[in-house]
Amino acid sequence: MREIQLPPAVDWVAERLADGSFALFTETPDIETKARELMALSRSRPLKAIDYPEAVCLAAGLRYGYTVLSENGGAFFAPHVLNIGVAVWRAFEVLVEAWRRGFVQDIVEELRRYEQEALHLFRRRDWEYIWSLVGRR
Amino acid sequence: MESGWEEVEARELRRRYANWEFIQRLPPRLRAALIYYIETGDLRRAQWISGLDLDHFRDLMRRARIPVVN
Chain A
11 MREIQLPPAV DWVAERLADG SFALFTETPD IETKARELMA LSRSRPLKAI
61 DYPEAVCLAA GLRYGYTVLS ENGGAFFAPH VLNIGVAVWR AFEVLVEAWR
111 RGFVQDIVEE LRRYEQEALH LFRRRDWEYI WSLVGRR
Chain B
819 MESGWEEVEA RELRRRYANW EFIQRLPPRL RAALIYYIET GDLRRAQWIS
869 GLDLDHFRDL MRRARIPVVN
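Residue numbers (our numbering), protein chains in the order written: chain A, 11 to 147; chain B, 819 to 888.
The hints are simulated quantities; they were obtained by calculation from the structure and are not laboratory data.
Beta carbons are placed, not taken as given, at the ideal position from N, Cα and C, and that holds for glycine.
A few chain B residues that don't get close to chain A, going by computed Cβ distances all over 10 Å:
id: 1; residue: E839
id: 2; residue: F840
id: 3; residue: I841
id: 4; residue: L848
Listed next, the stretches of chain B that the computed footprint assigns to chain A, with coverage defined by at least 3 CB atoms under 8 Å from CB atoms of chain A:
id: 5; region: 827-837
id: 6; region: 855-861
id: 7; region: 864-874
Modelling step: build the complete structure from the supplied sequences, incorporating the hints.
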């Protein structure tokens, strides 16, 4: 909440909090300790730096079994590089999962629309993955 | 893990899409922050350089047509 200031994001979050579909998470001392451990660990590995906000999300994901949503490269690669058991999804994984569950009809079109609207480009290997999935259907 | 060529791919996409004319007209601190982001992809440090909060820095990135590449 400290990081969002502008509509429509702030309106969307406030509305979801009001209707009860979102909840605020306050880090506890054990989560904070784990987050700082992960930050320290990331600095000793070939990994983009994990900053405190992402580290808290990873620690909470580990502690409670949550899937972490992040576009941060350090956070995304942390499970592989640090060998920790937490799932991190980017928008790409969210959209692919929505497609798998039938909420999205045309995944290629949806990903392209997202790229244009969010100015958020997916990598060539992500597109190759999608082509391999679509080709199988 | 992100490989070296993937870092290069992401940097090239940020450089290619960026509106350099817009970036060059910005005050020095904002210009430096965007160039740092284009070169490294490190959003939090770029935001810190800019002196803006994250939301306003993301807005500046959009106005400069700098894509996020993950």
